[in-house]
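Undergrad: The primary structure of each chain is shown beneath.
There are 2 protein chains.
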Amino acid sequence: MTDSAKLINDMGRNARSAFSRLTGVSDSQKSAALTAAARHLRASQDTIIAANQRDMDSARERGLSDSMLDRLMIDADRLESIASAVDDVAVLPDPVGQLIDRTERPNGLVMERIRVPLGVIGIIYESRPNVTADAAALALRSGNAVILRGGSEAIQSNGAIYDAMVAGVVEAGLPADAIQLVQTTDRAAVGAMLKASGLIDIIIPRGGKSLVKRVQDEARVPVLAHLDGICHTYIAKDADPEKALAIAVNAKMRRTGICGAMETLLIDQDYPAPGPLVRALLEAGCEVRGDDSVLELDERIVSAEAADWDTEYLAPILSVKMVNGADEALAHIASHGSHHTDVIVTEDSEMAERFILRADSAIVMHNASSQFADGGQFGLGAEIGISTGRLHARGPVALEGLTTYKWVVRGTGQTRP
Amino acid sequence: MTDSAKLINDMGRNARSAFSRLTGVSDSQKSAALTAAARHLRASQDTIIAANQRDMDSARERGLSDSMLDRLMIDADRLESIASAVDDVAVLPDPVGQLIDRTERPNGLVMERIRVPLGVIGIIYESRPNVTADAAALALRSGNAVILRGGSEAIQSNGAIYDAMVAGVVEAGLPADAIQLVQTTDRAAVGAMLKASGLIDIIIPRGGKSLVKRVQDEARVPVLAHLDGICHTYIAKDADPEKALAIAVNAKMRRTGICGAMETLLIDQDYPAPGPLVRALLEAGCEVRGDDSVLELDERIVSAEAADWDTEYLAPILSVKMVNGADEALAHIASHGSHHTDVIVTEDSEMAERFILRADSAIVMHNASSQFADGGQFGLGAEIGISTGRLHARGPVALEGLTTYKWVVRGTGQTRP
Numbered sequence: 001m002t003d004s005a006k007l008i009n010d011m012g013r014n015a016r017s018a019f020s021r022l023t024g025v026s027d028s029q030k031s032a033a034l035t036a037a038a039r040h041l042r043a044s045q046d047t048i049i050a051a052n053q054r055d056m057d058s059a060r061e062r063g064l065s066d067s068m069l070d071r072l073m074i075d076a077d078r079l080e081s082i083a084s085a086v087d088d089v090a091v092l093p094d095p096v097g098q099l100i101d102r103t104e105r106p107n108g109l110v111m112e113r114i115r116v117p118l119g120v121i122g123i124i125y126e127s128r129p130n131v132t133a134d135a136a137a138l139a140l141r142s143g144n145a146v147i148l149r150g151g152s153e154a155i156q157s158n159g160a161i162y163d164a165m166v167a168g169v170v171e172a173g174l175p176a177d178a179i180q181l182v183q184t185t186d187r188a189a190v191g192a193m194l195k196a197s198g199l200i201d202i203i204i205p206r207g208g209k210s211l212v213k214r215v216q217d218e219a220r221v222p223v224l225a226h227l228d229g230i231c232h233t234y235i236a237k238d239a240d241p242e243k244a245l246a247i248a249v250n251a252k253m254r255r256t257g258i259c260g261a262m263e264t265l266l267i268d269q270d271y272p273a274p275g276p277l278v279r280a281l282l283e284a285g286c287e288v289r290g291d292d293s294v295l296e297l298d299e300r301i302v303s304a305e306a307a308d309w310d311t312e313y314l315a316p317i318l319s320v321k322m323v324n325g326a327d328e329a330l331a332h333i334a335s336h337g338s339h340h341t342d343v344i345v346t347e348d349s350e351m352a353e354r355f356i357l358r359a360d361s362a363i364v365m366h367n368a369s370s371q372f373a374d375g376g377q378f379g380l381g382a383e384i385g386i387s388t389g390r391l392h393a394r395g396p397v398a399l400e401g402l403t404t405y406k407w408v409v410r411g412t413g414q415t416r417p
Numbered sequence: 001m002t003d004s005a006k007l008i009n010d011m012g013r014n015a016r017s018a019f020s021r022l023t024g025v026s027d028s029q030k031s032a033a034l035t036a037a038a039r040h041l042r043a044s045q046d047t048i049i050a051a052n053q054r055d056m057d058s059a060r061e062r063g064l065s066d067s068m069l070d071r072l073m074i075d076a077d078r079l080e081s082i083a084s085a086v087d088d089v090a091v092l093p094d095p096v097g098q099l100i101d102r103t104e105r106p107n108g109l110v111m112e113r114i115r116v117p118l119g120v121i122g123i124i125y126e127s128r129p130n131v132t133a134d135a136a137a138l139a140l141r142s143g144n145a146v147i148l149r150g151g152s153e154a155i156q157s158n159g160a161i162y163d164a165m166v167a168g169v170v171e172a173g174l175p176a177d178a179i180q181l182v183q184t185t186d187r188a189a190v191g192a193m194l195k196a197s198g199l200i201d202i203i204i205p206r207g208g209k210s211l212v213k214r215v216q217d218e219a220r221v222p223v224l225a226h227l228d229g230i231c232h233t234y235i236a237k238d239a240d241p242e243k244a245l246a247i248a249v250n251a252k253m254r255r256t257g258i259c260g261a262m263e264t265l266l267i268d269q270d271y272p273a274p275g276p277l278v279r280a281l282l283e284a285g286c287e288v289r290g291d292d293s294v295l296e297l298d299e300r301i302v303s304a305e306a307a308d309w310d311t312e313y314l315a316p317i318l319s320v321k322m323v324n325g326a327d328e329a330l331a332h333i334a335s336h337g338s339h340h341t342d343v344i345v346t347e348d349s350e351m352a353e354r355f356i357l358r359a360d361s362a363i364v365m366h367n368a369s370s371q372f373a374d375g376g377q378f379g380l381g382a383e384i385g386i387s388t389g390r391l392h393a394r395g396p397v398a399l400e401g402l403t404t405y406k407w408v409v410r411g412t413g414q415t416r417p
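If you read the protein sequences in the order shown, they are chains R and W. For the record, in the first sequence the residue sitting at position 346 is 346 according to this note's numbering, with numbers rising by one throughout. For the record, in the second sequence the residue sitting at position 356 is 356 according to this note's numbering, with numbers rising by one throughout.
The hints are simulated quantities; they were obtained by calculation from the structure and are not laboratory data. Be aware that a few hints might be false.
Listed below are the simulated DSS-like cross-link pairs for lysine-lysine, each with C-alpha atoms no more than 27 Å apart in a straight line [stated by the list, open to error]:
no., chain 1, residue 1, chain 2, residue 2
1, R, 213, W, 6
2, W, 195, W, 213
3, R, 195, W, 213
4, W, 195, R, 209
The following residues of chain R were derived to be distant from chain W, with all beta-carbon distances above 12 Å [as the list claims (entries may be wrong)]:
no., residue
5, 66
6, 211
7, 322
8, 336
We put the CB at the ideal spot given by N, CA and C, even for glycine.
Work the whole structure out from these sequences, hints included.
TA: Right, dumping it as structure tokens:
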């Protein structure tokens, strides 16, 4: 066994033992641990900012880009946001113990399904040190033990935030190993986590596409993630032009770098006002890449190449295609989509229901901007990630997605004939 | 690409296309397909029994054991059972389209979760040809496409049953590729199924431990299964002796070869009547392997070895251990159990709740026989398997376990600020 494999093996065993101890812990104790952790985060402001300064200094030496430096940076305001996010999770309802369903059988046996934690969650993330607090809080709130592995560029910041979180956990009488941080920059530790079946129950990668792809390719442990967010908006022939315009501009331009941003606009060939729609996007500063029929709408539109239909730009660039009816829109989405979020804009409710039924996406929207694809916007209180997988949890994943269930059978001495 | 990989690739693409067409199919059409399939099974009695005879002849030539031959054999009665099981699935409630939950946000957006089929299910099974009809029926009832790969010893029987099933599917106007059968005995086809990520969404192995282990080790596609059923029954000090005796004998001896059969009996050292309990088991024909304290109870008891605590006998053999309280019972189960079904027998309801909370098993029972671990007994109408995994579906898995959900967001033109 290599050093990394041994490290992860030991951490995994400690996590399982902590998970087992967490099973007996009350809702209020988990909540108190997070409130205490938030307090320790605020009390450790100087330590955390000083640790972050060391990370920032090495990052500048290594020539990291300004946007990377911005994602890494922690000041007093950002630390307060981190701490108050932990406070927010502390007051979310605890999903553990919730009764999912209950049936009584003719022989008097009562079958219940109740929510229980998933077990041990591995989080592999890059840059933003807030994930250390954020992911640990969500995992612990739902009764799971967690093994965190952040990016090497944030190792000092993550360590300082982690110390504050653990102080809260211990203060509330929970096992310290409920939250563990992999404190080595050896990349082999990530490989060991991905192969730790039986010790880690699920891996959640948080970061860029190359990280997610590596995790999905190498993992032997189940992965909860999305690789791409190639979100489509289909403007049907009966769309309200005002709604269509507002939704399209918002879905593309509100923030272009998030996974719920629209990347392809499908306009029905019978939609009466394609020109104003495309011009509003151009005027909002969006580059528009169109097929031949779209090119005719405005001379600023450039010609789309085949690869455009499969590209997640995460930038003010949009591919636009004219389609003949909802079926052609659905066929395009089936070929080029990423099962993340797809939208229909129409006043024809029958067509909307058909689109909702047929679109094979984690999130299907009618007359709304795809930028709502976010756990907070869904009312989930927080979000550990968005899943485009089909199993276990889909779309925005929050506390409930970090639980599973057990069957409880209540009898009075029944034996099976 | 090898021939097998190409075969599975083609079947996978056809299955995905059939799955997409199934999305628009109504409940009554799926139900009609199964009713028609059951009718075709009955009408094909001569063909199916003749095909089965050819399998039986080759199996005898190859020297298969009597129990294997019995599992393979189809006569008129067994075919009628197969057909009526398909009829039963036809009338089960369709989970697809069911509303899981619904919330309205302050901005007027309505967030719904509705059940949708999983997608393409791969079933890999051995011997019993009824699985061809059974698994296909459950997969189709829940709107999934299915790729079936049975054992080589049943290839003629499976082919004949499959033909009847497809005839029903086509008669009801559903795509023929909704059900496909791998009609080659090349074992590489199994390997290709296990690696068909993106084409097959989940693999369900049905068969012996070596099959399940191979599938779990090699699969890159998620697997729904259980490897072992090392089920425990803990007789607490406050157990009712009459219930304890009836439950223990039933849990072990009703049928010894099923995964819900008890394999280890844990008796509290303060339970007042261990002697009658163990003697009832001995007298029912069970071999008892005990630890030192158990050995004193009866001279017919043999000494348990370390391996006994980790053994799924699937035979009239039982390991019996004296434990000091529920915590020691739980610790033993945590070390030696398989997260399948574990039982506490006690009249102390506080202790029962604590055991239910702490036992990390897919099914936890209080005062009932572990032999109830079966989808039919749980009122699920049927069962595609029992899962000891933690993700997606646990315990008995029926139609609901073959579904996932999608988020539907209903708006009136909302954009995100």
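Undergrad: Holds or violated: are the alpha carbons of residue 213 of chain R and residue 6 of chain W at most 27 Å from each other?
TA: OK: residue 213 of chain R and residue 6 of chain W at ~25 Å, within 27 Å.
Undergrad: Does the alpha-carbon distance linking residue 195 of chain W and residue 209 of chain R stay inside the 27 Å limit?
TA: 22 Å, holds
Undergrad: Please settle this one: residue 211 of chain R was flagged as non-interface, so is its CB more than 12 Å from every CB on chain W?
TA: Residue 211 of chain R clear of chain W: closest Cβ-Cβ about 18 Å, beyond 12 Å.
Undergrad: For residue 195 of chain R and residue 213 of chain W, compute the direct alpha-carbon distance and say whether it is at most 27 Å.
TA: OK: residue 195 of chain R and residue 213 of chain W at ~17 Å, within 27 Å.
Undergrad: Starting from residue 195 of chain W, check that the Cα of residue 213 of chain W is at most 27 Å away, please.
TA: 15 Å, holds
Undergrad: Using Cβ atoms and 12 Å as the threshold, tell me whether residue 66 of chain R really stays out of contact range of chain W.
TA: 26 Å, holds
Undergrad: Confirm or reject the statement that residue 322 of chain R sits farther than 12 Å, beta carbon to beta carbon, from all of chain W.
TA: 22 Å, holds
Undergrad: Checking a non-interface call: every C-beta of chain W should be farther than 12 Å from the C-beta of residue 336 of chain R. Is that right?
TA: Non-interface label on residue 336 of chain R holds, nearest chain W Cβ at 14 Å vs cutoff 12 Å.
In this structure, none of the earlier numbered hints is contradicted; all agree with it.
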